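For chain A, the structure is supplied; the task is to place chain B on it using the hints.
There are 2 protein chains.
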Amino acid sequence: MITPNMHYADLQNSYLFYNIAQKTKAYLTEHPDRRLYRLGIGDVSLPLCDAVIKALHEAVEDQADPARFHGYMPECGDPALRTRIAAHYRSRGVMLEDEEVFVSSGASDELGDILDLFDCKSSALVIEPAYPAYVDANVMAGRKIIHLPSGKENAFLPEPSEEARVGIIYICSPNNPTGAVFTREKLQKWIDFANENGSVILFDAAYEAFIEDEALPRSIFELQGARTCAIEICSLSKTAGFTGTRFGYTVIPKDLVRKGMNLNEMWVRNRTTKTNGISYIIQKGAAAVFTEEGQRQTAENIRFYKENAKIITRALEEAGLWYCGGKNAPYIWLECPGGMDSWTFFDFLLEEIQVVGTPGEGFGSCGEGYFRFSTFGSRADTLEAAERIKRLLG
Amino acid sequence: MITPNMHYADLQNSYLFYNIAQKTKAYLTEHPDRRLYRLGIGDVSLPLCDAVIKALHEAVEDQADPARFHGYMPECGDPALRTRIAAHYRSRGVMLEDEEVFVSSGASDELGDILDLFDCKSSALVIEPAYPAYVDANVMAGRKIIHLPSGKENAFLPEPSEEARVGIIYICSPNNPTGAVFTREKLQKWIDFANENGSVILFDAAYEAFIEDEALPRSIFELQGARTCAIEICSLSKTAGFTGTRFGYTVIPKDLVRKGMNLNEMWVRNRTTKTNGISYIIQKGAAAVFTEEGQRQTAENIRFYKENAKIITRALEEAGLWYCGGKNAPYIWLECPGGMDSWTFFDFLLEEIQVVGTPGEGFGSCGEGYFRFSTFGSRADTLEAAERIKRLLG
Chain A
1 MITPNMHYAD LQNSYLFYNI AQKTKAYLTE HPDRRLYRLG IGDVSLPLCD
51 AVIKALHEAV EDQADPARFH GYMPECGDPA LRTRIAAHYR SRGVMLEDEE
101 VFVSSGASDE LGDILDLFDC KSSALVIEPA YPAYVDANVM AGRKIIHLPS
151 GKENAFLPEP SEEARVGIIY ICSPNNPTGA VFTREKLQKW IDFANENGSV
201 ILFDAAYEAF IEDEALPRSI FELQGARTCA IEICSLSKTA GFTGTRFGYT
251 VIPKDLVRKG MNLNEMWVRN RTTKTNGISY IIQKGAAAVF TEEGQRQTAE
301 NIRFYKENAK IITRALEEAG LWYCGGKNAP YIWLECPGGM DSWTFFDFLL
351 EEIQVVGTPG EGFGSCGEGY FRFSTFGSRA DTLEAAERIK RLLG
Chain B
1 MITPNMHYAD LQNSYLFYNI AQKTKAYLTE HPDRRLYRLG IGDVSLPLCD
51 AVIKALHEAV EDQADPARFH GYMPECGDPA LRTRIAAHYR SRGVMLEDEE
101 VFVSSGASDE LGDILDLFDC KSSALVIEPA YPAYVDANVM AGRKIIHLPS
151 GKENAFLPEP SEEARVGIIY ICSPNNPTGA VFTREKLQKW IDFANENGSV
201 ILFDAAYEAF IEDEALPRSI FELQGARTCA IEICSLSKTA GFTGTRFGYT
251 VIPKDLVRKG MNLNEMWVRN RTTKTNGISY IIQKGAAAVF TEEGQRQTAE
301 NIRFYKENAK IITRALEEAG LWYCGGKNAP YIWLECPGGM DSWTFFDFLL
351 EEIQVVGTPG EGFGSCGEGY FRFSTFGSRA DTLEAAERIK RLLG
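Here the protein sequences line up with chains A and B, keeping their order. Sequential numbering of the first sequence, starting at 1, is according to the numbering used here. Sequential numbering of the second sequence, starting at 1, is according to the numbering used here.
One chain only, chain A, in its complex shape (with noise of 0.2 Å):
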């Protein structure tokens, strides 16, 4: 008899963007005359820019031509494209070989797979509020999980403790859901620390694109140490609204050794066993990403979506309540008026003023109290949720 991953029993109920899909499909069933406003899910709402759309509807083309076809594509990603991604980094000052730089199908599958890097024993370390896959892979794997809190009192940016001496250490910045950037000395806190005890810090970038304040670090790499202790995962799902479109680039620099195992030949070893590489056509739109014209036009798309922040943070402000985030990151989190747990606030808001949100709790239980809005939304959504959130709370 075969024995399934039993891990899996291990895992908690329901996934958090499952529930809310079935709490407003419940409310709409209910009242099917009202409508619904948006701030939930961290989808994107703007179509792909001009750049990536002749790009793919060239890389369709390609495919139709029995000159021009491409069949399997090399499986870390096509060499022009890793090259023009080191050269993007290296544009902003961090220096990268081309091979440290695989592409990927998106930042939530590859934080999925390089976890066949590690051995399941070594412990993972998740400071909290986070993005509740992080846990969940990590059961999957039976590994061990340490929860680190934060909150106000360390602005959901702590320092490494005594019990952050793990394997893995998950660390998003600019934070979903908290909003909150890790500076050049909090992070080098961690980067230092990571190489005295061995430890591989996986850095979640998929919202770097949104960092304005240029004293805060867009990459891990930009700090001192980081090529001996960190991998950093991208991705185009909100930089260039590829959520649907699907791409992904991960950074292992040759320098990350442990045990005398080259993790990034073992990258190299994995997606040559266990893939055949990303769609043709979806590299030659993400390509169109890293040219002069694609990066223009996503950083107005960016721009579009940090006004939709300051539709959203004027109405919190009028309405008194406590937040951070929306600046250097597309989400705002806030606190919960009243002492409200964030469900109990998540049915208010549906309720009473049809506006969904995302609610802090399911993002580990520090998170109770607090609650998630997005500013992905729609121009539309954003305003008629605001002056909503200003009238119900203000």
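Treat the hints as calculated values from the structure; they're not laboratory data. Computed from a prediction, not measured in an experiment: that's the story for all the values here. In this text, a Cβ means the ideal position worked out from N, Cα and C, and glycines have one as well. Hints may be right or wrong, so weigh each one.
To spell it out: a stretch of chain B is covered by chain A in this simulated footprint if at least three of its residues, at any positions, have a beta carbon under 8 Å from a beta carbon of chain A; those stretches are [stated by the list, open to error]: (1) 39 to 51; (2) 170 to 177; (3) 254 to 261.
Below, chain B without anything else, positioned relative to chain A:
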């Protein structure tokens, strides 16, 4: 100090197709004036069919339009596409629920990912010769591997035996590399055996579209008892030329339960945690394959490759070489002439007639003395390679 996944150190030297690439590259560096006739790696040469190209362009246009833009897709696949694939099975007499069909980015990706469902202490049976990634993906997970050799004596279709009482049983039919296809009777024996022992069959059906003999099963779910012991992994790579476009689908019946764990439910949980679904654009292109027009156009391409198969097999017959496959499968498996070992034969063909094939030894030790030709080459390459084979070996 973190412990990396030390099982990577147990991986054999290097990957079959990588070695071939290195050898051909070295040959071309030494002989820059020569051109090669590639019947090696199983990559397609015909472009995507018109129905798929049209659907891909439309999907790209959707991603340019705020009103039709698609963000995050459901993790297990677009429901309409899952329905369409289930209907495709139904049209061939296999009844599936839509929720038993999962979309993937291809069979090789899925064969790697799906192992996450099983405990690392469950052993795996690999019928050899076999696609090398079956072994490597399990070595990476630290699983014990039982190699079941096959040969001419059983037409490369071995029966279950005492040593096959394992957790995971790989069956690839039509087979890569031998082109052998399990008959209903022979496949039924494996199904009964798996049900008796509580094993799970991973049925790699990547080449099912090449079966022309209607008595042969194209899906394991055509047979009694498969719903309680099998997972079927399919791909559009060879069916519709998606090697570089990437799309596959997987069937996990809701009746597949081991030690109280429902594998369909586990896979839903896996996908919702570890991925954000397959690209909207690619799913739209894939959906076009399952239309009447798409089926007709992809069947034309398959006929083209089958004509290639006839050209190669006629040359082998004229040269008096033993071979199998090429009729219900896109691969031809031949015995190296004169007792040559397979890498020597590889070098011999490369040096003498610039034809590139795949040494049988790369598919397991019992593949030694054999050689694989792929029928996916261009017509011109195939014709010239056939002529050269006849001239050299005839």
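Requested in this report: Quick one: which hint numbers does this structure break? Sort them smallest to largest.
Outcome: Failing hint: just 2.
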